[in-house]
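Peer 1: Quick note on full-length UniProt numbering: the sequence shown kicks off at 1 and runs consecutively.
Some hints could be false.
What the hints assert, rightly or not - Straight-line C-alpha distance at most 35 Å; calculated DSBU-like pairs for lysine-lysine:
1) Lys448 - Lys565
2) Lys382 - Lys327
3) Lys329 - Lys383
4) Lys304 - Lys283
5) Lys539 - Lys563
6) Lys204 - Lys255
7) Lys122 - Lys255
8) Lys283 - Lys237
9) Lys444 - Lys539
10) Lys456 - Lys495
11) Lys181 - Lys254
12) Lys309 - Lys342
13) Lys342 - Lys284
14) Lys330 - Lys309
15) Lys288 - Lys201
16) Lys444 - Lys456
17) Lys309 - Lys241
18) Lys517 - Lys539
19) Lys441 - Lys288
20) Lys191 - Lys201
21) Lys241 - Lys284
22) Lys201 - Lys122
23) Lys342 - Lys288
24) Lys204 - Lys309
25) Lys201 - Lys284
26) Lys441 - Lys507
27) Lys55 - Lys90
28) Lys373 - Lys330
29) Lys507 - Lys517
30) Lys122 - Lys67
31) Lys288 - Lys255
Claimed, not checked - Estimated spans, in silico, between C-beta atoms of each pair:
32) Asp490 - Gln399: 11 to 21 Å
33) Pro549 - Glu514: 46 to 56 Å
34) Ser354 - Arg464: 47 to 57 Å
35) Pro549 - Gln500: 50 to 60 Å
36) Gln50 - Thr104: 16 to 26 Å
37) Lys382 - Lys499: 36 to 46 Å
38) Gln50 - Arg14: 18 to 28 Å
39) Gly437 - Gln399: 23 to 33 Å
40) Gly437 - Lys330: 44 to 54 Å
Source of the hints: derived by calculation from the structure; they are not laboratory data. Glycine is no exception: its CB is placed at the ideal position from the N, C-alpha and C atoms.
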Amino acid sequence: MFKFAIEHVSRICRVLKQDNGHLLLVGIGGSGRQSTTKLATFINDYVLFQIELTKNYSISDWRDDLKRLMLKAGIEGKNMVFLYPDSQIKDEAMLEDISMLLNTGDVPNIFASDERADILEKVQAIARFEGKKIDAAPLSVYSFFIERDDCEGDLAEAMPALEAALSALDTLKPSDITVVKSMKNPPGPVKLVMESICIMKSIKPERKPDPKGSGKNTTFKIDSYDRDQIPDTCIKKIREKFIDHPDFQPSVIKKVSSACEGLCKWVRAMEMYERVAKVVGPKKERLKLAEDELAVQMDMLAIKRGELKEVEDRLQCLNDELAIKNKEKKDLEDNIELCSQKYTNLTGDILLSSGTVSYLGAFPVDYRVECQKQWHINCQEKKIPCSEHFTLSNTLGNQVAIRAWQIAGLPVDSFSTDNGIIVFNSRRWPLMIDPQGQANKWVKNMEKANNLAVIKLSDANYVRVLENCIQFGTPVLLENVGEELDPVLDPVLLKQTFKQQGVEYMKLGENIVEYSKEFLFYMTTGLRNPHYVPEVAVKVCLLNFMITPQGLQDQLLGLVAAKEKPELHKEAL
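Construct the entire structure; sequences and hints are all you get.
Peer 2: See the structure below:
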């Protein structure tokens, strides 16, 4: 920064600190007029405002920029600096607006009526915050300021003279009064002053000796004179006899007596104050009435605003409820569309699901997926409608039931979920290949509340337990099954029942027991690769619960997701 630049910045800062501080920066292009202004604006912590001139910049854009500038300064209360280079003058009307802004602080008719109403409402809020009450109606605003300014202007006219007269009285000394009293034959101007004082004090203007002889008379104390209660008769006499009298002038009386000069000024000031007070008094009364009326209207406005707030809150609640209902409507429409699509694809999806449940339970996940893909292609070739992305869980799965299975210990991978669906949709009792014990654990937890009976072929009384469970509808888990099954189980596996007198029975060995529809039969084997003869395979629903690398990966990912992101895990379920 060189010296001249610093001086210019200092000058700009000084002018910006003044009220209505405006500058015209004269200089050639590139001399630093804008740079110094920006620096001074930053130093004063003001906000710089410039228009962005474009090829299609019009008067309308100019007026919009001026509106933004005025609103920032007036409503937001920011200290704004409007930097307007001569290179941006595109129309003479811009200079006229600048001139009005500099002289009056406003641009006529720049705001529309609705914009003015909005501005008045915002200014009213600011006035309320500052403890001022004022009606937001434009005429009320203008009347308020005009009435107040008239009163203040009239009072300002009289107060200087009154204060000067009171100051002159303060300079009077007892010796000055003594000099006046010692005059045996006072000059005419002095007599005029003393007579005017007597009239102002409502005392007969005649000379009398002091009865106390002390030289003091409290009757003539005028420093505590009530200037707001001057009798009309007194002020009338003062105006008729003294105000226009050539000798009743401070300059004339000063030549005769300096003490009487101050008294003369006081009398003249009282006359002027009374004259102004007669004009200002009614205005003050009207202003007081207007302010009282304004307070009443503001209270009513506050009540109406409160009622409006209640209506707006109720409207907001209704809008929120409407938004919720619209969302529900949208969800229902989506569900209708989804159900319609599912209904259309139902034939192919059921065909694929039936094939999966009937034939693919014993196979690992890779082969099962490959078969489903090939069947899906065949359905498309045969023009059988089916879902584009078929899954067994989407067709036959119940999300609530699946979640309950997973809580009971069923692994969260899709392969295990499909196995669970097959268990409850197959017409044959499931025989689960379960070397890791996952299916065994799942069944025990799932049927624990139903008094699950766990038996082995090696148990001596397993047939008796099975008979009781068939009769009373209790679930049974036969674990540790080998590659061969006891022939006594054939009636159970084949569901060989018969009816007698309307009651369903099953013959198990030599015994006939009543068959309950609530009976469930699960079988698990710990063998990793069992070989069942076809005669056994057709009696049961073979299910492969053995963990594969892909299944283990899915299970681990599910556990991590449930631990780290439970909301995502819940959404996936």
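Peer 1: Starting from the hint 47 to 57 Å, judge whether the C-beta atoms of serine 354 and arginine 464 obey it.
Peer 2: violated (37 Å)
Peer 1: Would you mind confirming whether the straight-line C-alpha gap from lysine 309 to lysine 241 stays at or under 35 Å?
Peer 2: With a Cα-Cα distance of about 66 Å, the restraint between lysine 309 and lysine 241 is violated, given a limit of 35 Å.
Peer 1: For the hint 44 to 54 Å, verify it against the beta carbon of glycine 437 and that of lysine 330.
Peer 2: Holds, since glycine 437 and lysine 330 (Cβ atoms, about 46 Å apart) stay within the stated range.
Peer 1: Would the pair lysine 122 and lysine 255 pass a check requiring their Cα atoms to be no farther apart than 35 Å?
Peer 2: Given pair lysine 122, lysine 255 is violated - Cα atoms ~61 Å apart, limit 35 Å.
Peer 1: Hey, lysine 507 versus lysine 517, does the alpha-carbon distance stay inside 35 Å?
Peer 2: At roughly 15 Å apart (the allowed maximum being 35 Å), lysine 517 and lysine 507 satisfy the hint.
Peer 1: Assess, step by step, whether the Cα of lysine 444 is no farther than 35 Å from the Cα of lysine 456, and give holds or violated.
Peer 2: Within the cut-off at roughly 14 Å; holds.
Peer 1: Please verify whether lysine 309 and lysine 342 have alpha carbons no more than 35 Å apart.
Peer 2: Judged against 35 Å, a Cα distance of about 48 Å means the pair is violated.
Peer 1: Does 36 to 46 Å hold as the CB distance between lysine 382 and lysine 499, or does it fail?
Peer 2: holds (41 Å)
Peer 1: Holds or violated: lysine 444 and lysine 539, Cα atoms, limit 35 Å.
Peer 2: holds (23 Å)
Peer 1: Are the Cα atoms of lysine 329 and lysine 383 separated by 35 Å or less?
Peer 2: OK: lysine 329 and lysine 383 at ~33 Å, within 35 Å.
Peer 1: Verify the CB-CB distance for glutamine 50 and arginine 14 against the hinted window 18 to 28 Å.
Peer 2: Given about 22 Å between the Cβ atoms, the range holds.
Peer 1: Do the alpha carbons of lysine 122 and lysine 67 lie within 35 Å of each other, as the hint requires?
Peer 2: Within the cut-off at roughly 15 Å; holds.
The structure fails to meet hints 2, 5, 7, 12, 13, 17, 19, 22, 23, 24, 31, 32, 34 from the earlier list, while all remaining hints are met.
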